[in-house]
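Protein chains: 2
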Amino acid sequence: MTPPGPAAPPSPRSALARDKLMRTAERLYAERGFANVSVRQISEAAGQRNNSAVQYHFESRDRLIETILSHHTRLVEKHRIVMVEALRERETVSLEEHYGCLILPNVENHIEAGTPTWCARFLAQALVEPALRDYVLQDHLDTPSLRLLDEIGAIRRDGIRPELRARHGTMVRQLSVHAFAELEYDLANGRIDPATAEESWRVLGQDLIKALCGLTTGLLGPR
Amino acid sequence: MTPPGPAAPPSPRSALARDKLMRTAERLYAERGFANVSVRQISEAAGQRNNSAVQYHFESRDRLIETILSHHTRLVEKHRIVMVEALRERETVSLEEHYGCLILPNVENHIEAGTPTWCARFLAQALVEPALRDYVLQDHLDTPSLRLLDEIGAIRRDGIRPELRARHGTMVRQLSVHAFAELEYDLANGRIDPATAEESWRVLGQDLIKALCGLTTGLLGPR
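From first to last, the protein sequence lines are chains E and Z. Heads up: the first sequence begins at 1 in the UniProt record's numbering, then just goes up one per residue. Heads up: the second sequence begins at 1 in the UniProt record's numbering, then just goes up one per residue.
Rather than coming from a laboratory, the hints here were simulated on the basis of the structure. Careful: at least some of the hints might be erroneous.
Identical copies look the same in the list; a pair holds intra-copy or inter-copy alike.
[Unchecked claim] Taking lysine to any residue pairs in the SDA-like style, the calculated list, with each CA pair at most 25 angstroms apart, reads:
#1 K210 / V93
#2 K210 / I111
#3 K210 / R156
#4 K210 / V82
#5 K78 / M22
#6 K210 / E96
#7 K210 / G153
#8 K78 / E108
#9 K78 / G114
#10 K210 / R157
#11 K210 / P9
#12 K78 / R40
#13 K210 / D62
#14 K20 / L75
#15 K210 / E198
#16 K78 / R88
#17 K210 / D158
Note that the coordinates shown come from a computational prediction; the quantities given were computed from them, not determined experimentally.
The following block holds chain E by itself, in its conformation from the complex (with noise of 0.2 angstroms):
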């Protein structure tokens, strides 16, 4: 893969064009949906003059997009790795600390953002678009933090049929995505008391970790 935007590293101007494009492009993706914004509404909200500004620094919208997610994955990532390198030294993993790993970190990079956040939003609709399910289903799967984490191992494997194993791990991926993106659509809509945002992520939190230990012991089995 060719990495995105311009192949000689940005100046500092682009730098912070290419930011300010990212970040208005996740916040009117966010709130109106991806069919609803056009990449020249983009440009325009991101205060650009040129309106092929997104075509300039990303050369399209699956890219802009891409980068988008890479850039939150990277943050995430900068959480989990520290929790699941701690596991590793352990015995015995159980499967509340197992989820606790995949769940978590995003639950603290959702409290450093600060209120509202799109990133959830976002991501539940890359997931679901036909073009873009693949790089998200990669490039979530494929960091460090996670593979590690599968070695690890807290999850059942004895005698469980690989497809059934791969439907294990697209429902814990699509509870959780769904379950942040839902949360950060309450908040955002004054659903939820905005003032109780962090208590409000740490509790989904807790109540993913239960949902998705429940729900593996049911679908694989007790381990």
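Please arrange chain Z on chain E, whose structure you already have, making use of the hints.
Positioned in the frame of chain E, the structure of chain Z alone reads:
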């Protein structure tokens, strides 16, 4: 809510055009994504000479999408109401039976429709699009069979805070919708042999019921 389409009952020819537009829209949206299909492309692909056929027959893109969703809701409801009515006579209802009523009508609907289907990928996209989301939630929550299923009450309620109940409902819906979309996607793209479609839908149904029972017990505690 006013009924979709022209106020007068449509002529047979008009009804045919509407049906063709709905099928074409569902297929194109499922395959390419809401963001990558214009209403003009739908009109053209449906063989309509008038480029404004979608506006003429449905007023807008959103109303077209809502009409397609309602159509599927009715098809599934037909199966589900029979199953739920049968449960009503029973003294106790297990979680498995409860989720059977939720999931198996969708399994039957996919099998009846033959391969490929598009409705699951279509619904998954509608559920995450900000402008359509509330309509989907309302349309899908407010059917007689689902209200009745809720009254039968196999899901634990005592001592469960209302936010947690709502979150549980959301998780169940998200997991179900996206799991059906995932299998539909795999069948459409040949990752799963279409010759095994019927069996694959049935296995998905059983896996989903197990996953939902586990999720429910994990999140709400044993009943």
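key: K20 and L75: within-copy, between-copy, both or neither at 25 angstroms Cα   = Classified as within: same-chain Cα gap 17 angstroms, cross-chain 46 angstroms, threshold 25 angstroms.
Same-copy or cross-copy closeness of K210 to G153 [CA-CA at most 25 angstroms] = both (18 angstroms within a copy, 22 angstroms between copies)
Within, between, both or neither, where K210 and V82 count as close if Cα-Cα is 25 angstroms or less = Cα proximity of K210 and V82: one copy only (22 angstroms, versus 33 angstroms across).
Intra/inter-copy verdict for K210 and D62 if alpha-carbon distance must be at most 25 angstroms = neither (35 angstroms within a copy, 36 angstroms between copies)
ask   = What label fits K210 with P9 when the C-alpha limit is 25 angstroms: within, between, both, or neither?
value = Intra 45 angstroms, inter 51 angstroms, cutoff 25 angstroms: neither.
Homomeric proximity label, K78 with G114: Cα distance no greater than 25 angstroms = within (18 angstroms within a copy, 46 angstroms between copies)
task = Could you figure out if K210 and I111 sit no more than 25 angstroms apart (CA to CA) within one copy, between two copies, both or neither?
result = within (20 angstroms within a copy, 33 angstroms between copies)
inquiry  = At most 25 angstroms between CA atoms: does that hold for K78 and E108 within a copy, between copies, both, or neither?
reply    = Within. Shortest intra-copy distance 11 angstroms satisfies the 25 angstroms Cα cut-off; inter-copy 45 angstroms does not.
request  = Could you figure out if K78 and M22 sit no more than 25 angstroms apart (CA to CA) within one copy, between two copies, both or neither?
outcome  = within (20 angstroms within a copy, 46 angstroms between copies)
task = Please work out whether the CA atoms of K210 and E96 approach to 25 angstroms or closer within one copy, between two copies, in both situations, or in neither?
result = Answer is both: 7 angstroms inside a copy and 19 angstroms across each meet the 25 angstroms cutoff.
Within, between, both or neither, where K210 and E198 count as close if Cα-Cα is 25 angstroms or less = Result: close within a single copy only, 19 angstroms intra versus 32 angstroms inter.
request  = Since the copies are identical, ignore which copy is meant and state whether K210 and V93 lie within 25 angstroms (CA to CA) inside a copy, between copies, both or neither.
outcome  = both (16 angstroms within a copy, 24 angstroms between copies)
Of the numbered hints listed earlier, those contradicted by the structure are 11, 12, 13.
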